[in-house]
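Knowing the structure of chain A, use the given hints to seat chain B on it.
Residue numbers (my numbering), protein chains in the order written: chain A, 77 to 230; chain B, 13 to 655.
In short, the hints are calculated from the structure, not lab data.
Note that this is a predicted model, so its numbers are computed, not measured.
Glycine included, C-beta positions come from ideal geometry on N, C-alpha and C.
Think about it this way: if two alpha-carbon atoms lie no more than 20 Å apart in a straight line, the pair counts; the simulated EDC-like pairs of lysine to aspartate or glutamate are:
#1 Lys297(B) / Glu102(A)
#2 Lys323(B) / Glu102(A)
#3 Lys44(B) / Glu181(B)
#4 Lys80(A) / Glu102(A)
#5 Lys616(B) / Glu168(A)
#6 Lys615(B) / Glu216(A)
#7 Lys121(A) / Glu344(B)
#8 Lys128(A) / Glu344(B)
#9 Lys616(B) / Glu216(A)
#10 Lys120(A) / Glu344(B)
#11 Lys106(A) / Glu294(B)
#12 Lys551(B) / Asp497(B)
Simulated coverage check for chain A against chain B, where a stretch passes if three residues somewhere in it have a Cβ under 8 Å from a Cβ of chain B:
#13 133 to 140
#14 183 to 195
Next come the chains, spelled out residue by residue.
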Amino acid sequence: MKTKIDEILTNYDNGGRDTLIPLLQEIQEKEGFLSEEAIVKTGKKLKIPTSKIYGVATFYNQFRFEPVGKYHIMVCRGTACHVLGSATVLQELESQLKIKAGQTTRDGLFSIEVVACIGACGLAPVLNINGEFHANVTAESIKNIIDTYRAKEQ
Amino acid sequence: MKTKSNITTREYLQQLTIGFETGKMPQAEDLKTVQNKTIIYIGAGTCGLGAGAGKTKTAIIKYLTDKKVDADIIEVGCIGLCTAEPIVDVQIPEKSRISFSNVTADKVDTLLDAVFAGITDGFKTLGQFENKENKPWNNVPRISDHPFFIKQKRIVLQNCGIINPVSIEEYIARGGYQGLIQVLKKFSSDEVITTIEKSGLRGRGGGGFPTGLKWRLAYKTQSDQKYMICNADEGDPGAFMDRAVIEGDPHRLLEGLAIGSYAIGASVAYIYIRAEYPLAIERLKIAISQAEEYGLLGHGILGTGFDLKIKIKMGAGAFVCGEETALMHSIEGYRGMPSPRPPFPAEKGLFGKPSVINNVETYANVPDIIQKGWEWFSSVGTEKSKGTKVFALSGNVKNTGLVEIPMGTTVRQIIFEIAGGIRNNKKFKSVQIGGPSGGCITEENLDIQVDYQNLIAVGAMMGSGGLVVMDEDTCMVDIAKFFMDFIQRESCGKCIPCREGTKRMLETLQSITSKPKPNDNRDALERFQGVVQLEKLAKVIKETSLCGLGQTAPNPVLSTLRYFRHEYEAHVFERVCPAGKCTDLRKFRILTDKCTGCTVCSKKCPTSAIIGTRKAPHFIQEDKCIGCGACHEACKFEAIEMI
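One chain only, chain A, in its complex shape (with noise of 0.2 Å):
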């Protein structure tokens, strides 16, 4: 049976070594995370040892070895939005979701991930859940932001 990541792995005939960032990119952004069986199946078709993937894959922050939750949070913690309390907000966070950053919740709704910097600094501090931007964060509207996405769920 062909799996979704085969299916992938069909656009990248005759793909050399500068096509393994792309490729994996595109399994993760096609099936949330990279599984073991992904990086074998690419270690086969681009003729790169398994483990030379695995080290090019945790080399960058990018890709995740465990699938995240329904509602992806990423807590910006660049330099601004640390002076502007992105610590609390995360400390707020942890404690709210019962989890730590990079864990994903029990019922697996929400995950948290820390970014570098997401490039809105200027509203800093920041979140970004699903692609959707929340500005100017405190410890204190975390509840609201986390409880429209649980009522969403309800």
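Chain B in isolation, oriented as in the chain A frame:
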């Protein structure tokens, strides 16, 4: 409906191409279309969307359909004033374009009602755009007189927030692609490079290497294939000008890149852009296909023998990929680790071929230098640093956003005149410039003129141009710790001094900001030793690292040590944080005469450190207190003070 202009964009481009040979130039004026329909512009860059431009747009569409108003909506990029987002501009036929700030969805109906009735009083305006043909609004200042814009000189950002970024026609109507055509028709590669050399343009990505010289090196190297690379992997936390340029005016980057490629003889160009900027990537893709359609990119551009294919490569989130050799390895599909130079990329770069890497802002300067001449460009700025620089203002200032100023403007002017000073009437403490590789500038150095040399002289650097302003409540040790944490995570691991040294520096900073252990002498000894080592270690890391990341890694610590040694000393010896930011060093006390025994604080305390009975004064158990300050914020009677 737009009435037809005198000539189509295609005809104009053709006439322009011939014009450079015959000397008979068409006028961009002819491309102007007469508007007889209202246009509403919405600032929809990432920052605008973050402030709620999406909801504003939905509200405007609803208003227009409900009231049956015939108007076009155009999404533009970011004009630069983030605090005023969402920004909505309205252009009624024959009236000047007027710009309103902070238009949230709920304000849309009243605002549009008033504007269509000709009233602007009572609404926050940024100003109106000047235009001779249109009637101005009464009592509305010009946007160029707005305190945020008046000191700026916009070259790179001239179209951002004004034109439709996904319309190549608008870019051309404002003189776009004229530089490229001029170069293809009139200039040899050598002449292009000479123009750039004479203009004095230096790399805007951090190092400040003369752009013309870099191009000449690659031009001189013989090869069957050369590459032009644009570094849009804006990794500096606190900088976002590249994103704004690409989101607001992508064609400017493409034109600059194409001129550069022609100069060095490259037929393939790469744009290495962060995956975190999805909107910018999307707009870039649209722009490339538009330019190809008009024959401004692709095979045999404008009937000359020059081919150029521009490819987009998405970065995967590694700060070190801002280093040119690391970036090239990343494009090749390897771990983004730097390699020793020489060989320099201009001789042996991407896939072993001669390559040139420049930053987005550098390329965005090129079209205007060609069009207006090097004399014009070098008349702006200081003696050794020409042109303008875009800075990303953020932190504790009133007006956050992007500003483009001529080199030579003082830091004080930027912070107190353009940015409007410090928020909430606090006192200025310091400004961090140049991101993790840069340093901080204090009150005493605020009057230095911004250029490459002056910034280095005070221990900072231009970097990519992030300016993070900090007020009196900021702890400088905490800031240094923040940067070391960032650098230590982003170190690629190739050189041991950088990989291990930054980690040890971070540990030292963590130990001086961690909770005091009064009876642990070993802890105290280690802390003192660590601090003594800090400067020594910093020197070793600087001198023995291979790439720019390692060589500048200790800068945040060195620069804060230089100006705020007393704060470090307070942390080390007195074990207090003067700014009250380091939670582990904070202590709280309940004033018994003010405490009413309401129990709010004990309920808020995450570690149950507060004890006491109802209606009687409470107490904080010091050994359990983590210094989070939740009680301090919760108390309504100001009975809890920080000591």
